[in-house]
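K.L.:
Take a look at the letters that make up each chain.
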Amino acid sequence: MKNSFSETIHSVRHLTSCAVAAVALAAGSTGLMAQERESVTIGYVISKSGPNAGGADMTVTPNYELWVQEVNAAGGLTLPDGSQLPIEVIAYDDRSSAEEVVRGIERLATQDEVDFILPPWGTGFNLAAAPLLARFGYPHLAGAAVTDKATEFVERWDTSFWFMGGSADYVSAFTDVLVAERDAGRINNSIAMVSVADGFGIDLVKAARPTFEEAGFEIVYDQSFPPETSDFATIIGEASNSEADTFVAFSYPPHTFALTKQSTVVGFNPPVYYLGVGAAFPIFPGVAGTNVEGVMSLGGIDPNNALNAAYRAQHEELIGRAPDYWGSVLIYASLQMLEQSIERVGLDRAAVAEELSTGTFSTVLGEETRLENNQLRAINWVGQWQNGEFVAVSPEGGNGLAAVQLPKPDWE
Amino acid sequence: MTMKTSHAFLLAAAVLALLAAAPLLIPDYWTGVLLGMTGYVTLATAWAMFSGPTRYVSLATVAFFGVGAYTVAVLNETLPYPLVLLCAGGIGMVMALIVGFSTLRLAGVYFVIFTFGLAELVRQTVSWWEVNITYTMGRYVFLPFEGRHIYWQLLALAAATFLISWGIGRSRIGLALKALGDDETVAAHAGVDVTRIKLLLFVISSTIITLVGAIQAPRWTYIEPSIVFNPTVSFMTLIMALLGGAMRLWGPLVGAIPLFLLFEWLSVSFPDHFSIILGLLFILIVFVMPEGVLAKIETLRKGSPK
Numbered sequence: 001m002k003n004s005f006s007e008t009i010h011s012v013r014h015l016t017s018c019a020v021a022a023v024a025l026a027a028g029s030t031g032l033m034a035q036e037r038e039s040v041t042i043g044y045v046i047s048k049s050g051p052n053a054g055g056a057d058m059t060v061t062p063n064y065e066l067w068v069q070e071v072n073a074a075g076g077l078t079l080p081d082g083s084q085l086p087i088e089v090i091a092y093d094d095r096s097s098a099e100e101v102v103r104g105i106e107r108l109a110t111q112d113e114v115d116f117i118l119p120p121w122g123t124g125f126n127l128a129a130a131p132l133l134a135r136f137g138y139p140h141l142a143g144a145a146v147t148d149k150a151t152e153f154v155e156r157w158d159t160s161f162w163f164m165g166g167s168a169d170y171v172s173a174f175t176d177v178l179v180a181e182r183d184a185g186r187i188n189n190s191i192a193m194v195s196v197a198d199g200f201g202i203d204l205v206k207a208a209r210p211t212f213e214e215a216g217f218e219i220v221y222d223q224s225f226p227p228e229t230s231d232f233a234t235i236i237g238e239a240s241n242s243e244a245d246t247f248v249a250f251s252y253p254p255h256t257f258a259l260t261k262q263s264t265v266v267g268f269n270p271p272v273y274y275l276g277v278g279a280a281f282p283i284f285p286g287v288a289g290t291n292v293e294g295v296m297s298l299g300g301i302d303p304n305n306a307l308n309a310a311y312r313a314q315h316e317e318l319i320g321r322a323p324d325y326w327g328s329v330l331i332y333a334s335l336q337m338l339e340q341s342i343e344r345v346g347l348d349r350a351a352v353a354e355e356l357s358t359g360t361f362s363t364v365l366g367e368e369t370r371l372e373n374n375q376l377r378a379i380n381w382v383g384q385w386q387n388g389e390f391v392a393v394s395p396e397g398g399n400g401l402a403a404v405q406l407p408k409p410d411w412e
Numbered sequence: 413m414t415m416k417t418s419h420a421f422l423l424a425a426a427v428l429a430l431l432a433a434a435p436l437l438i439p440d441y442w443t444g445v446l447l448g449m450t451g452y453v454t455l456a457t458a459w460a461m462f463s464g465p466t467r468y469v470s471l472a473t474v475a476f477f478g479v480g481a482y483t484v485a486v487l488n489e490t491l492p493y494p495l496v497l498l499c500a501g502g503i504g505m506v507m508a509l510i511v512g513f514s515t516l517r518l519a520g521v522y523f524v525i526f527t528f529g530l531a532e533l534v535r536q537t538v539s540w541w542e543v544n545i546t547y548t549m550g551r552y553v554f555l556p557f558e559g560r561h562i563y564w565q566l567l568a569l570a571a572a573t574f575l576i577s578w579g580i581g582r583s584r585i586g587l588a589l590k591a592l593g594d595d596e597t598v599a600a601h602a603g604v605d606v607t608r609i610k611l612l613l614f615v616i617s618s619t620i621i622t623l624v625g626a627i628q629a630p631r632w633t634y635i636e637p638s639i640v641f642n643p644t645v646s647f648m649t650l651i652m653a654l655l656g657g658a659m660r661l662w663g664p665l666v667g668a669i670p671l672f673l674l675f676e677w678l679s680v681s682f683p684d685h686f687s688i689i690l691g692l693l694f695i696l697i698v699f700v701m702p703e704g705v706l707a708k709i710e711t712l713r714k715g716s717p718k
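For the record, the sequence lines run as chains A and B. The opening position of the first sequence corresponds to residue 1 in this note's numbering, with each subsequent residue numbered one higher. The opening position of the second sequence corresponds to residue 413 in this note's numbering, with each subsequent residue numbered one higher.
So that you can see chain A by itself, here it is in the shape it has in the complex (with noise of 0.2 Å):
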């Protein structure tokens, strides 16, 4: 017994040396590895199984996939001298748990030595990852990750970047909306608002509650259920009797899909009918199989940017399916925006991290994207199907933006 605890001991120390030596040999010989070096390695931790692998599987992983195919078919990473390297990708599975995200980024930060390393999916990981990645010296460019407080985790570790918004900036502009129809005489005062008692749900729910209450609205049905709910025949019930125009469910996929069949099924049709995540998936009308047209969700994209079109149809191209309509275009301009950095500044984690606090990058979302203190804001932030497409809406349209059309025409 005790042997194996000596021994264990052992391996890891002779492990240690063997990691001593093999970073002293690397300090030495640094001059030499800057043309020595034949790639760049990119370490990730995603959710491969477990409860969190649909949603990664969705946003996250096929943009890290599609950006490194795309990057090494035209020949690598660009450095300031011109030179290029391809990217050589570690990836582990975090198996959606938590201590495995902290051990996996200790792992590809002290073990493997990557040079940059992108984020897991999910705020919860985010957060998990953020104080790590800001002691090792890595840019944490947090995608799939939605929060109120991105400003304090900023101030709270300087490298890190926010790509998806908060709660309440997604409420506050579907709330424009809704004091644009409401002025307008099309709907009343009285919002039915259902949502799912998990992260997602709850953070919206708290922003919407204020928010829709300072703008006049009454809220007549406010429910959460639990995320194992599949049946929503007395939710839709209550709703359908509250007789509120505005039908607003901070939901998950599975009710997302199964809020629109049963509200088809009974033939709940409100003027205004807003669902939560699953809503911006191209599969969405698929799965619902019903016409969708006019339902709203969060995200949208401009069906007239060709950046947008040509990155959809790449996308579609290489990894053999369409990109969600919210989250997805997102993780990849952060990703253009990492390339574009290491191209100005070379490898240095450091300057990187300036570069991506101050610099304008060209992406998919536009010409002249930059952050706001460590924050993309140039986010569509609320959507509605339109002619097949989720498209991003706003009360009047314009700067890219279509004009939102409700009432929201019949089911079928």
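No lab work stands behind these hints, which were simulated from the structure alone. Every residue, glycine too, gets a C-beta built ideally from N, C-alpha and C. One or more of the hints may lead you astray.
Partner residues are not named here, just some residues of chain A that face chain B (Cβ under 10 Å, in silico) [what the hints assert, rightly or not]:
1) 106
2) 109
3) 198
4) 205
Using the hints, position chain B against chain A.
P.N.:
Frame of chain A, contents of chain B only:
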């Protein structure tokens, strides 16, 4: 005998000192591995403290582990850290008392199912509370701990767990436990207060498990029910204790260390097939060594002609 014991203690102290010094010598990643390993060694040893002798297979590990982590998440900004840990331990203890009183009369598979349900119940209750009472989901733990600080705390807890486990084994309770494990009815007739002893063990074991969760929480920065009430923790603890042998003091440790290192190696080398290999491994352990590695080695030794 006493000589032997004191030698063993000296050796254990030396190993402990070495382990405590390790983070100063090794890279962060290996500190992380040691941390995870120490966590699971403690969990498995605490689990076996109750489930080994009583043969009550508990899947409630993550219920207590999660409660510990959540307590830290809720209190870390209002109380000094040592008090937070004390509160976590206290909450775990009270919860174990309530659960123990109400369920330790259940036996066999009913107990297993109950404990699995308990983990889910606690998770749903916490979620419900956060949704309807506090309106928050997801809490932040901003404590200035690095991996090695957490590792040292866990190491101290692991040492304490071994001491307690060793102490119980040598006490009158240990003797009563042996009788209880062999035949509960006979033990009861022989004057052993079966329920009280089971309750006592359950409370000690659960409190330790709660503390493991509490100590590990600062490592994740952000905590929500789906993160801390992850049923994998219960299953991993169980399989580690069973592999080593839940009836022996060192059994869970013998199971936890190689399994943990194996998991680590698998997730590095086969990130895409981890779950499949894990499942196969579980089946293999149950079929080949239902009594654990230590018992297997003993049988092999006795069986081999000399």
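K.L.:
Hint by hint, which ones does this structure get wrong, listed from lowest number up?
P.N.:
none
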